[in-house]
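Those protein sequences? They're chains A, B and C, same order as listed. Note that the numbering used here has the first sequence beginning at 1, numbered continuously upward. Note that the numbering used here has the second sequence beginning at 1, numbered continuously upward. Note that the numbering used here has the third sequence beginning at 1, numbered continuously upward.
One or more hints might be untrue.
[Claimed, not checked] What follows is a set of in silico ranges between Cβ atoms, one per label pair, in the way DEER data are often shown:
| id | chain 1 | residue 1 | chain 2 | residue 2 | range |
| --- | --- | --- | --- | --- | --- |
| 1 | B | A124 | A | G84 | 48 to 56 angstroms |
| 2 | A | A163 | C | L13 | 45 to 53 angstroms |
| 3 | B | L164 | A | Y208 | 58 to 66 angstroms |
[Unchecked claim] Covered by chain A, per the in silico footprint, the following chain C stretches (three or more residues, Cβ under 8 angstroms):
| id | segment |
| --- | --- |
| 4 | 6-13 |
| 5 | 34-42 |
| 6 | 46-60 |
| 7 | 69-77 |
[What the hints assert, rightly or not] Cβ-to-Cβ under 10 angstroms is the rule here; a few derived chain A residues that face chain B:
| id | residue |
| --- | --- |
| 8 | I80 |
| 9 | G84 |
| 10 | L272 |
| 11 | L343 |
| 12 | P346 |
| 13 | E369 |
| 14 | R375 |
| 15 | Q382 |
| 16 | L406 |
| 17 | P407 |
| 18 | L414 |
Simulated from the structure, these hints should not be mistaken for lab results. Virtual Cβ for every residue (Gly too), placed ideally from N, Cα, C.
Listed below, chain by chain, are the residues.
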Amino acid sequence: MSSELHTDIAIIGAGPAGIAAAIAACAQGAHVTLVDDNPRPGGQIWRGGPSQAPASASSTFRQLADSQARLLSGFRVAAIPAPGQLLLEDPHRAQVLRYGKLIIASGARERLLPFPGWTLPGVTGAGGLQALVKGGLDVRDQHIVLAGTGPLLLASAATLRAAGAQVLLIAEQAPWSQLARFGWALKAYPAKLAQAASLAWQLGGVPYHHASHVLAALGQTRLEGVQLQLGARTLTLPCDWLGVGYGLLPNTELLRALHCQISQGAAEVDALMQTSQAGIYAVGEATGIGGVDKALLEGRIAGLAATGAAAAAQALAPKRKRQLAFAALLDKHFALQPAITQLAQPDTLVCRCEDVSHASLQLFDSWREAKLQTRCGMGACQGRICGAACESLYGWQGSGDRPPLLPTRLGSLLEPTLAKANPT
Amino acid sequence: MNPVMHGDVLIIGAGIIGSALAEQCARRGLRVAVAEAAIPAAGTSAAGMGHLVVLDDNPAELALSRDGLARWQARRHELPANAEYRACGTLWLARDEAEMQEAERKQAGYQQHGLSSNLLPATALRKLEPALAPNLAGALQVPDDAVLYPPVASRWLLQNAQALGAQLWCKAQVSSVDDEGVARLADGRLLRARHIVIAAGNASATLLPGLPLKPRKGQLLITERYPQRIRHQLVELGYIRSAHASDGDSVAFNVQPRATGQLLIGSSRQFHDTDPAINWPLLQAMLSRALEYLPSLRQLQALRSWAGFRPATPDKLPLLGKVPGHSRLWLATGHEGLGITTALASAHLLADLLCEQAPALDPTPYNPARFGPWSLADQHHPVGVAA
Amino acid sequence: MKVQLFIDGQAHLATLGSNLAAALAGLPGRCSVSGQPRAALCGMGVCFECRVTIDGQPHQRACQRVVYEGMEVAREL
Numbered sequence: 001m002s003s004e005l006h007t008d009i010a011i012i013g014a015g016p017a018g019i020a021a022a023i024a025a026c027a028q029g030a031h032v033t034l035v036d037d038n039p040r041p042g043g044q045i046w047r048g049g050p051s052q053a054p055a056s057a058s059s060t061f062r063q064l065a066d067s068q069a070r071l072l073s074g075f076r077v078a079a080i081p082a083p084g085q086l087l088l089e090d091p092h093r094a095q096v097l098r099y100g101k102l103i104i105a106s107g108a109r110e111r112l113l114p115f116p117g118w119t120l121p122g123v124t125g126a127g128g129l130q131a132l133v134k135g136g137l138d139v140r141d142q143h144i145v146l147a148g149t150g151p152l153l154l155a156s157a158a159t160l161r162a163a164g165a166q167v168l169l170i171a172e173q174a175p176w177s178q179l180a181r182f183g184w185a186l187k188a189y190p191a192k193l194a195q196a197a198s199l200a201w202q203l204g205g206v207p208y209h210h211a212s213h214v215l216a217a218l219g220q221t222r223l224e225g226v227q228l229q230l231g232a233r234t235l236t237l238p239c240d241w242l243g244v245g246y247g248l249l250p251n252t253e254l255l256r257a258l259h260c261q262i263s264q265g266a267a268e269v270d271a272l273m274q275t276s277q278a279g280i281y282a283v284g285e286a287t288g289i290g291g292v293d294k295a296l297l298e299g300r301i302a303g304l305a306a307t308g309a310a311a312a313a314q315a316l317a318p319k320r321k322r323q324l325a326f327a328a329l330l331d332k333h334f335a336l337q338p339a340i341t342q343l344a345q346p347d348t349l350v351c352r353c354e355d356v357s358h359a360s361l362q363l364f365d366s367w368r369e370a371k372l373q374t375r376c377g378m379g380a381c382q383g384r385i386c387g388a389a390c391e392s393l394y395g396w397q398g399s400g401d402r403p404p405l406l407p408t409r410l411g412s413l414l415e416p417t418l419a420k421a422n423p424t
Numbered sequence: 001m002n003p004v005m006h007g008d009v010l011i012i013g014a015g016i017i018g019s020a021l022a023e024q025c026a027r028r029g030l031r032v033a034v035a036e037a038a039i040p041a042a043g044t045s046a047a048g049m050g051h052l053v054v055l056d057d058n059p060a061e062l063a064l065s066r067d068g069l070a071r072w073q074a075r076r077h078e079l080p081a082n083a084e085y086r087a088c089g090t091l092w093l094a095r096d097e098a099e100m101q102e103a104e105r106k107q108a109g110y111q112q113h114g115l116s117s118n119l120l121p122a123t124a125l126r127k128l129e130p131a132l133a134p135n136l137a138g139a140l141q142v143p144d145d146a147v148l149y150p151p152v153a154s155r156w157l158l159q160n161a162q163a164l165g166a167q168l169w170c171k172a173q174v175s176s177v178d179d180e181g182v183a184r185l186a187d188g189r190l191l192r193a194r195h196i197v198i199a200a201g202n203a204s205a206t207l208l209p210g211l212p213l214k215p216r217k218g219q220l221l222i223t224e225r226y227p228q229r230i231r232h233q234l235v236e237l238g239y240i241r242s243a244h245a246s247d248g249d250s251v252a253f254n255v256q257p258r259a260t261g262q263l264l265i266g267s268s269r270q271f272h273d274t275d276p277a278i279n280w281p282l283l284q285a286m287l288s289r290a291l292e293y294l295p296s297l298r299q300l301q302a303l304r305s306w307a308g309f310r311p312a313t314p315d316k317l318p319l320l321g322k323v324p325g326h327s328r329l330w331l332a333t334g335h336e337g338l339g340i341t342t343a344l345a346s347a348h349l350l351a352d353l354l355c356e357q358a359p360a361l362d363p364t365p366y367n368p369a370r371f372g373p374w375s376l377a378d379q380h381h382p383v384g385v386a387a
Numbered sequence: 001m002k003v004q005l006f007i008d009g010q011a012h013l014a015t016l017g018s019n020l021a022a023a024l025a026g027l028p029g030r031c032s033v034s035g036q037p038r039a040a041l042c043g044m045g046v047c048f049e050c051r052v053t054i055d056g057q058p059h060q061r062a063c064q065r066v067v068y069e070g071m072e073v074a075r076e077l
């Protein structure tokens, strides 16, 4: 592989949105390059690639395989050395990718919030545990508790059970009144309702507690148990794994670095999925959490729009309204209860990279000041975890991102074509 | 509107210079207030390396940096642990015989002023820092130089001042000052003091148009944690040439081992780039330079890079003293890349002047009158500006 | 199908195609800056808690790497 690649359409993220965009753009005859930092395409929902994805995904994977799209798996976007260029890195090499148009399908991560014991090995995100199981983690006969909020808890429980785990219970923080309203509203979305019913069927027998949350993870050097608030009572349970996630957050680092407008944590896009920057599109969870159907649709729209098929893209736009309405439902009915942001004790670590405690952060009133004085957010994750936690706990907004986007080998930053491309 | 604060000294800017001065004035029993436009220690003070280094290009620079380092050394045990003070020393690296001769000259200069330093031949250098490129000719070791983490050290100075009664006004953007001791804030409030000291770094020029201060951009990059790879602050002898190159863009090898095990990699200088974003070609030039000295850096992971702006004067010396033609308005800025090293020295010198005491150092070389005079922001054209 | 990898020099069998964080199964891969053991949290390349040294390269995210025959993993403890 030469160290510099050219493409008409670069797509970042090979989850459903990115794959749909690639298929649509390839069908228009464009040269497409699909970049993903995971070993295989599929994103989080279809993690593990075609062999492990559900039947509903197989035609999408087949269309991708039949397309002319160039797939760069295991490559992360390290930096933006100049307009129209991305510096990519894999464990062995660095590449410059020059593009005409860019579609960002960067997906989402879990909102992970601090509680006592959350740094113990054995405590993971709820979706994180699902991802690990999809990645081959053996959970046969393991005792697992899931807590947090949102439909992901159910999906994760289903994956874990299918893998042979004993899911002891699910603690959903939303109160029954909110859940009932969500269930009622789902009637307008038969497909989602069917998914929910199917999950409920797979989960037969797993206790599902509403208005419930984790209080603490217990153990010395590894998770041994969990203390829970279940409605009005507390319960302590021994367990092997604890998965806790408070919904999803769009990954916006690349969008921010490209100066795309972000509002309420997601990329702002027009009807054709274009961001505030001409020629840069955002699709899927990056524009707001809405699930796989929204992702597939948005990917198609952007794939068409970016290749000049504006009319065909426009024709799909009305369908998006319905997906956005569903996204709004999720937001509304799984909003966090105040107790969730008050679980951290003074000695609970909020920044896990630099081990910064809740007590030391409470002394400050801005992210910038806390960062300078405590190193919060200065570690390897670059504030991806603690930034969201600080926003939930203290109401702080993160400040400017500093390249590279992810820790990158110095040698990669010296990728020679970069300098040649940017004479001063 | 009546002034909302009365005191002896109002300091504009809570960077390391303003904070050190606030502490020094408060220690002398003065009633002090500090007006900070944004967040303490978040400007140039947060952007630099925190290398406490004695530089010897001219007697005035040597005097101030030497006094500054001595004062940090004397207080090292008072500093909080997260100020990360470490007396790691500096190795001035020579690539060839010509640079070795420069090292010898440098040593003679230090010796003349009673400063200790050791000339290291190539073998001794390799023993001290095995990661360095094998083709280096040697180095001059200055064992007393040190490093610290400036935002925490700066905040500590400010907290000391506050503990002695100094008031801190945050988000207090000063829009104008006069020679009657009145500062007007952007929100209309007035602050009054017997003396006003402008210690606002590059922003000082907005209050004193025509101030001979130019932002000189610098870029740094920090790696993930790789403990024990390097033990000294490593600087190429060509650093002085880069630091003092009067105009064009330049880079010089300068690497600091942080207490965390991270490596802080510099350095670059630019006068004409005012964009706070990273300049990639220059970052690459800086990293290429670093790899010439430390080839094993290539495999290390970069965590973050950023740019900052040093407040630079035409003669590389700070502005410490009265604003020319004024009786109650003072300056404490223009330290370019030496503000951390010289903060305590500058604070002592200016506090002495404010208290009408004779400073330990001759203040003449730092007197702003060497460039002045200037008019104030709300008046008309600046007069007699040295560019 | 299994592949053999080495964790701190000890041979381990892992399922072909699984990722390294899954293969480590909650075994701490690193010590935090204050000395606490840490293992995978997010499972998807975001949190950097699962960092280990792979084939001599420190600070690699285990969850982003598929195991292979002869992979040498050193925990950063």
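- Item | List of violated hint numbers, smallest to largest | 2, 4, 7, 9, 10, 11 and 12
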